[in-house]
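Number of protein chains: 4
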Amino acid sequence: MEFYNFLNDYSEGAHPKILDELKNTNYKQQQGYGDDDYCKEAAELIKTEIGNKDADIHFVSGGTQANMLCTSAFLKPYESIIAPKTAHIEIHEAGAIEFAGHKINTVEAHDGKILPAQIQEMVEFHYDEHMVVPRLVFISNTTELGTVYKKSELQEISKMCKKHGLYLYIDGARLGAALTSEQNDLSLKDLNTYADAYYIGGTKNGALIGEAIVINNPALKERFRYNMKQKGALIAKGRIIGIQFKNLFTDGLYYQLAKHANLMAAKMAKGLAEKNIKFFVPSESNQIFPILSKELIGKLEKDFGFYIWTKYDDKSSVVRLVCSWATSEEAVEEFLNKL
Amino acid sequence: MEFYNFLNDYSEGAHPKILDELKNTNYKQQQGYGDDDYCKEAAELIKTEIGNKDADIHFVSGGTQANMLCTSAFLKPYESIIAPKTAHIEIHEAGAIEFAGHKINTVEAHDGKILPAQIQEMVEFHYDEHMVVPRLVFISNTTELGTVYKKSELQEISKMCKKHGLYLYIDGARLGAALTSEQNDLSLKDLNTYADAYYIGGTKNGALIGEAIVINNPALKERFRYNMKQKGALIAKGRIIGIQFKNLFTDGLYYQLAKHANLMAAKMAKGLAEKNIKFFVPSESNQIFPILSKELIGKLEKDFGFYIWTKYDDKSSVVRLVCSWATSEEAVEEFLNKL
Amino acid sequence: MEFYNFLNDYSEGAHPKILDELKNTNYKQQQGYGDDDYCKEAAELIKTEIGNKDADIHFVSGGTQANMLCTSAFLKPYESIIAPKTAHIEIHEAGAIEFAGHKINTVEAHDGKILPAQIQEMVEFHYDEHMVVPRLVFISNTTELGTVYKKSELQEISKMCKKHGLYLYIDGARLGAALTSEQNDLSLKDLNTYADAYYIGGTKNGALIGEAIVINNPALKERFRYNMKQKGALIAKGRIIGIQFKNLFTDGLYYQLAKHANLMAAKMAKGLAEKNIKFFVPSESNQIFPILSKELIGKLEKDFGFYIWTKYDDKSSVVRLVCSWATSEEAVEEFLNKL
Amino acid sequence: MEFYNFLNDYSEGAHPKILDELKNTNYKQQQGYGDDDYCKEAAELIKTEIGNKDADIHFVSGGTQANMLCTSAFLKPYESIIAPKTAHIEIHEAGAIEFAGHKINTVEAHDGKILPAQIQEMVEFHYDEHMVVPRLVFISNTTELGTVYKKSELQEISKMCKKHGLYLYIDGARLGAALTSEQNDLSLKDLNTYADAYYIGGTKNGALIGEAIVINNPALKERFRYNMKQKGALIAKGRIIGIQFKNLFTDGLYYQLAKHANLMAAKMAKGLAEKNIKFFVPSESNQIFPILSKELIGKLEKDFGFYIWTKYDDKSSVVRLVCSWATSEEAVEEFLNKL
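Chains as they are written, first to last, in my numbering: chain A, 1 to 339; chain B, 1 to 339; chain C, 1 to 339; chain D, 1 to 339.
Think of the hints as simulated: they come from the structure by calculation, not from any bench.
A hint or two may mislead.
No copy is singled out in the list; a pair is fine if it fits within one copy or between any two copies.
[Stated by the list, open to error] Calculated lysine-lysine pairs in the BS3-like style (CA-CA distance at most 27 Å, straight line):
1) Lys76 <-> Lys163
2) Lys28 <-> Lys267
3) Lys40 <-> Lys302
4) Lys17 <-> Lys28
5) Lys221 <-> Lys76
6) Lys23 <-> Lys40
7) Lys150 <-> Lys53
8) Lys85 <-> Lys311
9) Lys221 <-> Lys189
10) Lys162 <-> Lys221
11) Lys150 <-> Lys189
12) Lys259 <-> Lys28
13) Lys47 <-> Lys17
14) Lys299 <-> Lys28
15) Lys162 <-> Lys267
16) Lys315 <-> Lys85
17) Lys163 <-> Lys221
18) Lys278 <-> Lys299
19) Lys311 <-> Lys163
20) Lys28 <-> Lys302
21) Lys28 <-> Lys338
22) Lys85 <-> Lys40
23) Lys28 <-> Lys47
24) Lys267 <-> Lys338
25) Lys294 <-> Lys311
26) Lys294 <-> Lys163
So that you can see chain A by itself, here it is in the shape it has in the complex:
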């Protein structure tokens, strides 16, 4: 077998149904900038799936863009974002949020998650005009560590947000993986109750490109497309993203792809555990974080690509292994055989 990457969930292209429809619709003339039939159909399918016909759906090209765009659109200049230290916006967006003018107030993460009490504490810490005003809580589901928020956790976070007049925003780059996790007890419909806005990740779940922003809170909907255009997020041939989501939200493809990724990761986690390998955080979705000895890492690196997450101790490191909709069972077995 040739070298195989467990590096991330965007190593391959798109689910073939998407490529087929790109081809089949190629010569149909469509309006630009997301006013095409496919974006409209996709938006309707998503609204049905989430059970909120009043939601606004917008399609953008990536997660960093979605996060920067939404926070910039939702917040006043002096308003800030509360997020766990492990948040994508804090570490992996090259300062996009701050470029758009907003401060991130970070709290210690618990397996990638935020706790309601931390929100309370952060709100109370800020009390006069010399300080920013925390106004939005940012979480990711799955978290950047592959863990999954339970319904009760989200309920409590949402309650705390409402108590303090904070928006709850969810980075759903891997929302499919979250919703199809064995640990999950949430549905997309639940997010209408808990989240003011979130995005449903396409890129990391079988799309070529695209994330679908869902805005539930009417106060946040105003002239959102102006914000999109200003941030370079309106795509001329918006049809391309519409087609991704139209297919993902037809016949449950979105869930099927995510479930497959989770299953492959679970198989890998099981195999690792059987070799008495410990994990940095619980393995709950398509990203797992085993602690491997340097020797083993050296051996595996010859045949497999993966990301060394962080040093664990002098002899071992935490690595990240990611499975995707396109990961073959064979590849996982090969990996396990090399242990």
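Given chain A's structure and the hints, the job is docking chains B, C and D onto it.
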């Protein structure tokens, strides 16, 4: 014949070769964020075509993004952009340039173009620290009015820029149409001499998505990818854009598609002129701007889509007709038959 | 007589009453950041003078700061400002408005003023999400050319703003000069009806430092001090600015000082006119713009400082002569004697 | 005795010498925007005092403005600031740094200080274009907790900065208190070696208003006044700040005032310690942080103003007591008598 749009050059999908390669490469694992084989191949093909192996090539998802990203990366906070009043950045980017912190100093446009003397005048107008410092000249080729810069015009503009230490940046959303215009005497190679940076538009010339930023000036190359990430312009499956440009710059496809668009527009312009219809600006590329009576507009609107550009007088308006790589000769003929 | 400057209205320090009170109150302990007794007294005096007890009054250190702060606080990211081309924010603030993220849509100025029809036209020009949304009209009174808005002009502008849901903001760096102009038929009270917000300039009318922002529109008041702090506009010893305005708005000092400046300028304008010297714009306040021959300019420059505003023709230039609260009648006479 | 504030070091006005010179120079015509004689004299005096004739000196109205202005001027969009969690820019500037587009990477503070190893760790943590690039280390001296950097500490920090190509910037709001602390072994001259830029605080050391920015690193000097104007930091009557610093840097007034503040605080700390009161951090300058019982706080609050810094345990809190150039020995004694 069904309703036909001459509304813009992004009404259809992509050239079939591009769709085919998306399919053929779909399962090949690739690095993310533009480090894939296709982006690399595409960059090499472009560097060969422009005759500058030292250029930096970056792929982004749209023109507004390219313009905002480049100006933000190239300029210091107090530095401004000189542009014609008709410039895309001035009118049609919802304030993206200003969102990123920079002022645009506009000058009257001459058929969409800037004149060297206007640059000189704008530079001289700004002389102390109460004013911005003009530092970059923004032009589009073709212009937003479909006109084409002649080599001598670009030479003079470039000379003026160098005289005053200004960068010359070219928005090439329709650079293909410019370079294949009957009026054109420029080649991509010439831009190495004249432009510090520019982008080669894909979206409006047969790509699904994507623009290729070319940076010639070494001083502007530093850590450009950091700027990209910060502005949400690094695409996880960068392969998708790489594949567009790899195909466009193989066997001259880029020029063929643009030339076809120009030919269709020329045919239409000729047909209109034969009916004694006048034009708002010279018809030099794939966008033409005939002045039509309100009656005629009303009649044509039933079967054809086009954009009413501006009122001309009480009886007539300027309309914009755009042909693309996908425009059929038949559609043009149908249109002319309806006159 | 030694060299005398008619360069601007901030060449001297402050009215002696202000310096006296700085001294008399020097050791009284006060709250910081504008919560001191003097700021409170000054705010009450201003609210009485403008006849709006519900207005919010904030003190800042300069006009550019006031303009950037207010527009940033009042506007959403995609909202823009309509202003005459001669506006201070357009030319003389080094891009402060754009640094804070907003576009300025300029219109041709008429003796420094904007006309209601220009506002209408600019609003209508912007109609979709590819464009900014004009949301605030910026005017200066006196204008940057020393002219004064008549009540009827302001009424019409205000009406047009209300029609289109635009805020009207007035840069009052020289509001004193406007309100005491012979041409004036406005009072501060009138501004409650017409302007959503404005600032009363202290620096150019006898204060050491400071401008007083007045916010009439309740929708614009929210957490303004947070915006101030964020823009570096909260002064630790805010008392210093409070003392300026407390004195300026006691016993009509503000008007007396401005009236003196206007009288000196009128005397100078009269003297110039008697020598058949023409003016670039009507002489209505403390700034006048005579057109002088190069010879005369050369002669005057030996003894007097002034600003050469713009070239008029090959033989003459427009110069700006500014009188202030501190300009002596003797200095004006000396100048006229040199003609 | 009436109610007395130990709330901060800006409760009173200015040293009388400053007020006198404001009066004595009041009618002398001067250039605006910091080009006056007093700013020039003050800059020369400072350059002599710091022993760097090549430094650039700029006067601004406050510390938040100085910090935002410098970091915005010095950094590229994707570059970030490393600072202790207790830093003024992190907590008490309402997001000014982020408004100007830059991220702050915080590290745990050690009595308000940063350690060289923390800088190293933060630099190493950031390694690719998905992350910001740390480029400037921000420290305050005295720190926000009143502690003072030793020469050896600053040397090590500076060395670490140079190793990684980072700028060292010092917030010197209370630099006078630092340099006259009993713990201090630094001189202003040392800062030429260690700091790329810093500001010398006037407001908190006997000035009415004003901070003096010192730029040592030639690479950071370019067109700084353009940045100042853009951020609203150029004061029209710049003379007012020039006069502050001219007097502070004549005959060692700057040091005398700071020393007095430190002595008063030391007297108070000694008195508190004699009552067996413990401190949250070492008492090294004019700010001290005793841990007081709730009962005692309740009693003292009737006669004295101070800031409750943070809860210590269920029975006691940390309070901040600040002495200034204007604090009388009598007031300190009254306070100690009330214990």
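Here is how each hint holds up against the structure:
1. Lys76 <-> Lys163: Both ways: Lys76 and Lys163 sit 19 Å apart in one copy and 26 Å across, limit 27 Å.
2. Lys28 <-> Lys267: between (43 Å within a copy, 23 Å between copies)
3. Lys40 <-> Lys302: between (46 Å within a copy, 23 Å between copies)
4. Lys17 <-> Lys28: both (18 Å within a copy, 17 Å between copies)
5. Lys221 <-> Lys76: both (15 Å within a copy, 13 Å between copies)
6. Lys23 <-> Lys40: both (19 Å within a copy, 25 Å between copies)
7. Lys150 <-> Lys53: within (25 Å within a copy, 52 Å between copies)
8. Lys85 <-> Lys311: both (17 Å within a copy, 24 Å between copies)
9. Lys221 <-> Lys189: within (19 Å within a copy, 37 Å between copies)
10. Lys162 <-> Lys221: both (18 Å within a copy, 24 Å between copies)
11. Lys150 <-> Lys189: Within one copy only: 14 Å inside a chain, 58 Å across chains, cut-off 27 Å.
12. Lys259 <-> Lys28: between (33 Å within a copy, 21 Å between copies)
13. Lys47 <-> Lys17: Classified as within: same-chain Cα gap 21 Å, cross-chain 34 Å, threshold 27 Å.
14. Lys299 <-> Lys28: Classified as between; 23 Å across copies, 51 Å inside a copy.
15. Lys162 <-> Lys267: Cα proximity of Lys162 and Lys267: none, with 39 Å in one copy and 49 Å across.
16. Lys315 <-> Lys85: Classified as within; 26 Å inside a copy, 32 Å across copies.
17. Lys163 <-> Lys221: This pair counts as both: shortest intra-copy Cα distance 22 Å, inter-copy 24 Å.
18. Lys278 <-> Lys299: Classified as within; 18 Å inside a copy, 57 Å across copies.
19. Lys311 <-> Lys163: between (39 Å within a copy, 24 Å between copies)
20. Lys28 <-> Lys302: For Lys28 and Lys302, the Cα distance is within 27 Å only across copies (18 Å; inside one copy 47 Å).
21. Lys28 <-> Lys338: between (50 Å within a copy, 22 Å between copies)
22. Lys85 <-> Lys40: neither (37 Å within a copy, 34 Å between copies)
23. Lys28 <-> Lys47: So Lys28 and Lys47 pass the 27 Å test inside one copy only (25 Å; across, 33 Å).
24. Lys267 <-> Lys338: Only inside one copy: Lys267 and Lys338 sit 15 Å apart there, 65 Å across copies, limit 27 Å.
25. Lys294 <-> Lys311: within (10 Å within a copy, 45 Å between copies)
26. Lys294 <-> Lys163: Close neither inside one copy (47 Å) nor across copies (29 Å); limit 27 Å.
Violation of the numbered hints given earlier is confined to hints 15, 22, 26; the remaining hints are satisfied by the structure.
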